[in-house]
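Chemist: Below, each chain spelled out in residue letters.
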Amino acid sequence: MSSNLFNPTRRQLLAGTAALAAAGLVGLRPGFAAGVDWKRFAGTTLDVNLVKSPRSDTLIKYLAEFEELTGIKVNAEATPEQQQRQKTVIELSSGKPSFDVVHLSYHVQKRQFEKGGWLADISGYLKDATLTDPGLVETDFADAGMVFAKDGQGALRSLPFSVDYWILYWNKELFEAKGLKYPETFEQLVAAAEALTDPSTNTYGFVARGLKNANTPVWTSLMLGYDMTPLDAEGKLRTTSPEAIEAASLYQRLMTKAAPPGVTGFNWAEAQSAFLQGKIGMWFDGVGFAPPMENPEKSRVVGKVGYGVMPKGPKAHASGTFGDGIGVTAASEKKEAAYLFCQWAVSPAMGARLLQAGAGVPFRKSVLEDPKVREGVTMPASWLDAVVGSGNVSRLALPVIIPVTEFRDTFGVALSNMIAGADPADELKKATEQFQPVLDRSEQG
Amino acid sequence: MSATTPEQAGVTIEATDGSQTIRLAPNYWPFVVPALVVVGAVIVFPWAFTLWMSVNSWTLGQSRNFAGAENYLRLASDPRFWESLWHTLTYTFLSVVAPMFFGTVAALIFDAKFPLRGLLRGVFVMPMMATPVAVALVWTMMFHPQLGVLNYLLSLVGIPAQEWIFNANTVIPSLVAVETWQWTPLVMLIVLGGLASVPREPFESAEIDGANAWQQFRYLTLPMIAPFLMIAMIIRTIDALKSFDIIYAMTQGGPGTASETINIYLYNTAFSYYDIGYGSAMAVVFFIVIVALSFILLMLRQRSQWIDQEGK
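As they're listed, the protein sequences go chains W and G. Start counting the first sequence at 50; every next residue gets the next number (the numbering used here). Start counting the second sequence at 133; every next residue gets the next number (the numbering used here).
It cannot be assumed that every hint is accurate.
Example chain G residues on the side facing chain W (calculated, C-beta under 10 Å, incomplete) [what the hints assert, rightly or not]:
1. Val303
2. Glu333
3. Asp377
4. Gly388
5. Thr389
Treat the hints as calculated values from the structure; they're not laboratory data. Keep in mind it's a predicted model, so treat the numbers as computed, not measured. Ideal Cβ positions, reconstructed from N, Cα and C, are used throughout, including at glycine.
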């Protein structure tokens, strides 16, 4: 069931009206309902473990607001992604983590956290009116968010915090010069990419990640257009299916015929740098990398960038979706207080701040569809349209398995080899044979 | 407080010719214990634990099971491991030979007297002082196929653009170039120290005997600085074998696995895949490789020691 600001559900309408009225009466900031006993855990101290990013920077910036609202003291630590992942896994597997709240990358850590039993079940808290803002309902989150947040048994293990849809950044000036329109299909995408490519002027039609590991989501996102995912519902690999091979061939064609030389070593940063120079027609990557495009100090394409939803594939229209969430550790002795923090982190007020600063895209639909929030967004309207449009065709781009990193590494090497000229079918067969035992081992024990 | 007898204090009393000799029985253990504790905690225990983990199948977040030699057998049939071993040896060989050559040449140049020598020496050793990760980031941008200054410089002389670290065929030589740029000064300093200690008399005799510059270098300079070259080679070999930061920051072992050394593979296995047992087995095998190489180098060092005419 979905709803938006102009077509709210009865429950949302009543809850929202009541919350606003109550907030006005007691002088609370909008978004933090008076029905919730925010001060219930005053005096508690929480330890919060975050991934260093513009999203966690925003949380930390407004931390005093949460402390004032709840009387809870927060010790927040934000470490770079790789180090944070190592630290959390080591501490959580020890059974005695030093933190009550943990920030996790769903597309990498979801299954690992579930299997380890590291996150508390917060399904009950969501139904507790003294703990949960009435506006915080499952239906307010994008579908992908709830798929990420719930475990196999349907228990809510975290709250979806920020989503990253993969979109197509396109250089409108280069397209106009060649009389091209934004591609609506994969076929048009290839045609446009090749038409824009002119090595004599150092101009290339397409760029995406070529570096091992980083490149795998490009392939799996393309695969979604063939209505195929790397694993089926039973967890069997489908990486040698005709659709997977076609997606790999498409990747190979784009990366060898329309991408700049050396793309096999490009991560998102190199691809972004190349696009910012104004000599690349299209760049396929996460929506969260948009802010530098419109920054005159970093970009030569200010005002020239179009933001488009991923074109339709031969069998499906899908936008590869990634995301992160925030949850309460199962070992925490302050679960309810920790839940209040999570709730504040995904609140409409924080979501609006993320969106307006270009720091991230909240999973909550009510934030994306709020006209007042949209007014304050500094990015162009087409970017926000691409976000909303991608949300409508959103699908998880990586398999929900424990060895996600090995999956990305193994198939990433195969994709790198394809850029160097190897046969896609052979490479996928080899990679699948290598990865199958890793996948089998991961669910044992 | 009770009195301590001489026997209890470790003092032995012996009677000789009516007189008494007091001999203190040495009891050094209390002095050794702190060092033993430190060595045990930071060297012996980690190694024993690594060995133990290497015979277990253990992935973080899952249960641990005794696996015997399974991890080692898996290594033997893991093409990625053998490939990374080959990359390690290739990278190490090139990262030793190139700085050794350029460092020795630089030392010979800086040993001669010329204007501004001191200033130029100072400039020459500057790369060595830079942080490897910072060096890596700067060189990554310099190597960028479209935006990098290196391809721009090549274009000025009509040489086509190269892909440097972004191509599987050129990635290791490109990484070695960075390693050489940073560590040639270290070799230069060591060899320069050696050259400063070389006596002048044999060269005067050689000149009288008509030896040319090359003969003087080949038969006098080189043998006399050989111990210093060996020290430089040992330091460089150890450094290159354990090299991680520059490779990880520049390529993360890529493109594909074209620059993945054992250090990178081991790191990924243990800290990205959380496969602690397999990573430990890899660490043990790598340790054996390092010990074997060190043994060879130490033997060579013995042979390069200065000896006098009697062969003492």
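Chemist: Would you mind marking each hint as holding or not holding in the structure?
Modeler: Evaluated hints:
1. A hinted interface residue such as Val303 (chain G) counts as satisfied when its beta carbon comes closer than 10 Å to some beta carbon of chain W; here the least separation is about 8 Å, so the hint holds.
2. Taking 10 Å as the C-beta cut-off, the interface hint given for Glu333 (chain G) is violated, the closest approach to chain W being about 55 Å.
3. The closest approach between the C-beta of Asp377 (chain G) and any C-beta of chain W is roughly 14 Å, which is over the 10 Å cut-off, so the hint fails.
4. Look at Gly388 (chain G): its Cβ gets to within about 4 Å of chain W, closer than 10 Å, so that hint holds up.
5. Restraint check, Thr389 (chain G) versus chain W: the minimum CB separation of about 6 Å is within 10 Å; hint holds.
Taken one by one, the earlier hints fail for this structure at numbers 2, 3, listed in ascending order.
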